Amino acid sequence: MAKAWTRDGLRATALLSPAYLWLTAAVFLPLSAMLYYSLLSDVPFGDAEWRITLDNYRAFFETGTYAALLWKSIRLGLTVTVVCILIGFPCAYVLAKTIRGRSREALFLLIILPFWSNSLVRIFSWAIVLRGNGVLELAVNAVLPFDIRLNLMFTQTAVVIGLVHSYLPYVILTTYLALQAIDDTLIDAARSMGAGKLTILRRLILPLSLPGLLAGAVLVFVPVVGAFMEPRILGGRFGTYYGTVIEDQFVAVFNWPLGAALSFILLAVVLLILALSSPILRRAPA
Amino acid sequence: MAEVSVENVTKTFGATKALDSVSMDFPNGGFFALLGPSGSGKTTLLRVIAGFILADNGHIRIGGEPVERVPVERRDIGMMFQNYALFPNMTVADNVGFGLRVRKVGAAEEKRRIAEALELVQMGSLRDRKPHELSGGQRQRVALARAFVTNPRVLLLDEPLSALDKALRVDMQIELKRIQREIGITTIFVTHDQEEALTLSDKIGILRNGRMVQAGAPRDVYNAPDSVFIAEFLGDANIFSGQVEGGALRIAGGRAIRIPKGAEGANTFAIRSEDMAISLEEPTGDDTDRIRADLVQRVFAGAMATCIVEVEGRRMKIVARERDLPALPDEGPVWLSWETDRLKPVKDE
Amino acid sequence: MSGKWLARAGKVWLVLILIFLYAPIVIMGAMSFNASPFYQLPFEFSLNWYAALSENDAIRTAAIRSVGIALATMVIATALGTAASLAFFRYEFRGKFILQTLLFPPIAIPWLITGTAMLIFFFGIGLGRGTPSVLVGHVALALPYVIVVVSARLATFDRTLEEAARSLGAGAWTVTRRVTLPWIMPGVVAGALFAFAVSFDQFVVSYFLSEPGDATLPVLIYTSIRKGFTPEINAVSTIIIIISMAVMLVAARFSNFGGDR
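Chains as they are written, first to last, in the numbering used here: chain A, 1 to 286; chain B, 1 to 349; chain C, 1 to 261.
Hints listed in this document are in silico derivations from the structure and should not be mistaken for laboratory results. What you are looking at is a predicted structure, and each value in this text was computed from that prediction instead of being measured. Heads up, a few of these hints could be off.
Unchecked claim - Some, not all, of what chain A presents toward chain C, calculated at C-beta under 10 Å:
1) Leu-29
2) Ile-111
3) Ile-161
4) Phe-228
5) Ile-246
6) Ala-260
Every residue, glycine too, gets a C-beta built ideally from N, C-alpha and C.
Start from the sequences and build out the full structure, keeping to the hints where you can.
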């Protein structure tokens, strides 16, 4: 009888091991390798002398530059998240509670679609819109009686706009799913007891959709903290963030051990946020 | 076609014993029911015979051959599932032909046997329909045809009629019995409907908490239940228990009841609800025993009627034909009477 | 009265958001048909940039490479992911929850971290940069998506169908091929399209893993943008976004993503 169990065990192993071996080789071992690298004094190739050291982490805590950049990236993440929620929640609400039938399905798809298209290209499209003498400026000046120079390109505002554009659909998606799960009869019940619109929103809808909203917030915040392509393209000389510094270590300065240490600190921050939010994320739909 | 035997089969899931040393023989060509309340292990036993669940201990033989280590697909069984489990992507004919295709019987043979099987369940005209285009009863027939078309050694039915409404269920019971007789296949089915089990089967096995508490011909089990549980589970029964004193049973309230001959050692007895009579006047007669009771409620149910009475605080049920009942008040004192040899000694469990 | 007004305001808000989401993309597309290389208005229709695109060898090779990698990723990730989903669906075993949880790091960890970690590791084991490394990375990123999409479809599959097939004598392979796969096919197709999209649109990981000489299309676009771009990039970007949106639309149809039916 143990034999039959083994047969199932063998089948499960056979079906699972290709996928998980692949993930191990391409994700889990690399993450472990990165930890090891972050403890090296130099790249262990060629004739370079190297040893195990904590210097890279010391650099983060002693110079203050990297910590300041990490804080700047975290602030950027918070800004983008808050903006996404403020814009996205009403939108998700309208979609979930006031629009019905096939048009809702179509609108939902239309909002989610850009999220699944090429993010680099979408950031690039903002570069065309926002650049000095670009489409936005021409359009604004055509409407207004006086000339202004917007010059949004290469500002932090441009970076925020681009990132909000990239991640807004995430918040709408998760919030929409949470709102849709709220039974309409609950709202009717509250109204039958004399609750006004604001009371219903505050006492019923917000608490019930909170898991979805927070899930969306985490899903926006985490990638924004690690963003480097968006600040590079839209931020210009204001576009130095924690992510771009890591990028530099790997493609410009070639200080991989420092880059690995910085990446690993970022990973720690991300994992901390995911761990703190995992009870909420688990309750969120889909 | 073959006999099936289950011997000392035990299966534990975590801390619960789903099957506890269960044994039962299913002779060739018979129709058998596994009966029990939910959670009694009847479905587990069926799935152990099918091979979906592997027993921890014990032996299962099909046609004398031990099959504990044979995987489901090589046990040569036919099984019908509670929800029918028809393949939604295949037509009726393809569903029925699935097992034949797997056995590579050849195209012509396959076609002939599908037609034969569908004819037997009277579904020949719907062979090209998809399952979602069929009614519940039709799906049931297809599922049955699919289960027996391969001439399996044993046919296993998991609550085959539970998804049908009552009228259809009775039709299908007759139909099921006819088909089983026609192909003469050993058939084991699981049900929680005791009436269905009594109607259809040659032998029933009653399970409780993972144990086989009684097995035998329906009539024998019904008339001579082993235990309080079976007496009350199969049909309606009333129980007397107390101390034996000088050839009589002294029950609560100090009343004495005569004990039938040959059952002097027992102190718990069961009697069928329909074997008791109810009357306003005290009945007479030497071989009848009688007791005073309080009528609580009289329930009209068409041909039959049920009277609920209380004897020393204990509820009892009397079932009789409506027209045989005497005129009775809505409630008040009455007499219960019965022939002493209708009392059956039972185990108090 | 106020309810109606609120509902109308809500719809206006929705439209504004759709404009915000689509305007830049539409403008970028329009500009790829503008004759001026400096995006000057008035708009003058021209197909010059598309003509230039068709003669740009670097872009063409990168495009072919990108599609090739995306197709390979699709095939590998779909096969491995579907197999893993079947195992999760069919078998109970210790560590199942841990294995399922392990699917989230590749999705949840910023690609910057995953990409740099892959670079370090692939260099360490001698694989280095280049198309094979990119492929290995893309498959790993696409796998969790395939498993999630196929598992969602499997969740609607009636387990007793597999049992019925086995009771009729079908072995594991026949059960899978004739009963399970036909049912989960829409999920598998959707998963495959997701995998294609994840790879085709992937920039960050490709950026760290590709050699300067054999960049994928998004990497080439990024380096061009940073060097100072021309409307040729608009043209290729327009094509990319149309392809990736089309792929996702088809995937949405198959996975019934967000549908109420």
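Self-check item: chain C contact restraint for Ala-260/A - C-beta distance below 10 Å
Solution: holds (6 Å)
Exercise. Closer than 10 Å between Cβ atoms is the bar; does Leu-29/A clear it against chain C? Give me holds or violated.
Key: Where the cut-off is 10 Å and the nearest Cβ of chain C is about 6 Å from Leu-29/A, the hint holds.
Quiz item: If you take the shortest Cβ to Cβ gap from Ile-246/A to chain C, is it below 10 Å?
Solution: Result: holds, 6 Å to nearest chain C Cβ.
Quiz prompt | Evaluation of the interface hint that places Phe-228/A against chain C, nearest CB under 10 Å | solution = holds (6 Å)
Quiz item: Given Ile-111/A as an interface hint, is the shortest Cβ-Cβ distance to chain C below 10 Å?
Solution: holds (7 Å)
Quiz item: Is the shortest C-beta separation between Ile-161/A and chain C less than 10 Å?
Solution: holds (9 Å)
Hint check: no violations occur; every hint is consistent with the structure.
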